[in-house]
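What follows is each chain in one-letter form.
Number of protein chains: 2
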Amino acid sequence: MVDKVNVAEKFSRFSDHWSPKIIAELNDFYVKAVKVKGEFVWHHHETEDELFYVVKGRLVIKLREGEITLNPGEFAVIPHLVEHLPVAEEEADVLLLEPKTTTNTGSAEGDRTVANLQRV
Amino acid sequence: MVDKVNVAEKFSRFSDHWSPKIIAELNDFYVKAVKVKGEFVWHHHETEDELFYVVKGRLVIKLREGEITLNPGEFAVIPHLVEHLPVAEEEADVLLLEPKTTTNTGSAEGDRTVANLQRV
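Going line by line, the protein sequences match chains A and B. Here our numbering = 1-based position in the first sequence + 309. Here our numbering = 1-based position in the second sequence + 309.
If you are wondering where the hints come from, they were derived from the structure by calculation, not from laboratory data. Please note that the accuracy of each hint is not assured.
Any copy, or any two copies together, can satisfy a pair, since identical chains are not distinguished.
Computed cross-link-like contacts, DSSO-like style, restricted to lysine-lysine with a CA-CA straight-line distance of at most 27 Å [claimed, not checked]:
| id | residue 1 | residue 2 |
| --- | --- | --- |
| 1 | K365 | K313 |
| 2 | K344 | K313 |
| 3 | K346 | K371 |
| 4 | K313 | K371 |
| 5 | K346 | K409 |
| 6 | K371 | K344 |
| 7 | K409 | K313 |
This structure is a prediction, so every number in the text was calculated from the model and none was measured.
The whole structure should be built from the sequences, with the hints applied where relevant.
Shown next as structure tokens:
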């Protein structure tokens with residue numbers, strides 16, 4: 310049977326920041342839920358475009374040429390190779406849509422890289 | 310520059326039913342906005358999985374083995390080859406996420422097939 314997903318319910322299942330959880334997959338893409346707070350790290354993805362959709366709170370995506378502020382019901386697609394730095398002054402709930410090969414830190418692999426994604 | 314997309318604003322740009330509009334693309338996927346009302350046609354997609362996310366209203370997806378009712382903030386992924394029939398008693402606003410190769414009627418090509426997708 311096909312299950313439905315309630316997005317708010319998925320976000321209620323975890324509380325850690327900057328650690329995306331897989332909530333759905335379709336073909337070569339994942340849908341992930343991530344709670345963000347504070348500043349992440351500057352990075353880009355070599356081949357993967359990445360969609361950020363804000364469900365709750367506010368997300369700022371800094372780019373080398375400016376910044377984008379996303380409120381609930383708004384999204385942006387960051388094309389591959391474009392450097393970006395996600396920042397959230399207060400905690401925000403964000404859906405990510407991206408190819409399965411995408412890692413959270415992309416080109417900036419390090420302490421904040423999440424290698425093995427959980428499912429919630 | 311990377312643009313942000315306000316989903317509600319995209320839905321305000323058109324009024325026809327069952328005619329998905331492209332609102333974003335990333336790698337081999339499109340994000341589409343579609344207004345639905347009434348019953349569509351039974352169909353499946355040969356290779357494409359399809360995500361339905363309800364923004365406004367209510368969408369029922371009938372399956373051969375039951376049905377799923379989606380309210381705002383809920384989504385379902387219909388795997389390829391699974392027959393489905395979307396139905397909305399009242400008008401609903403739905404986001405679709407699917408590979409670029411996906412047509413709206415899949416296996417049931419006919420009068421309701423939208424061959425050339427508009428962008429809004």
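#### Entry: Numbered hints the structure breaks, given as an ascending list
Per hint list: zero violations.
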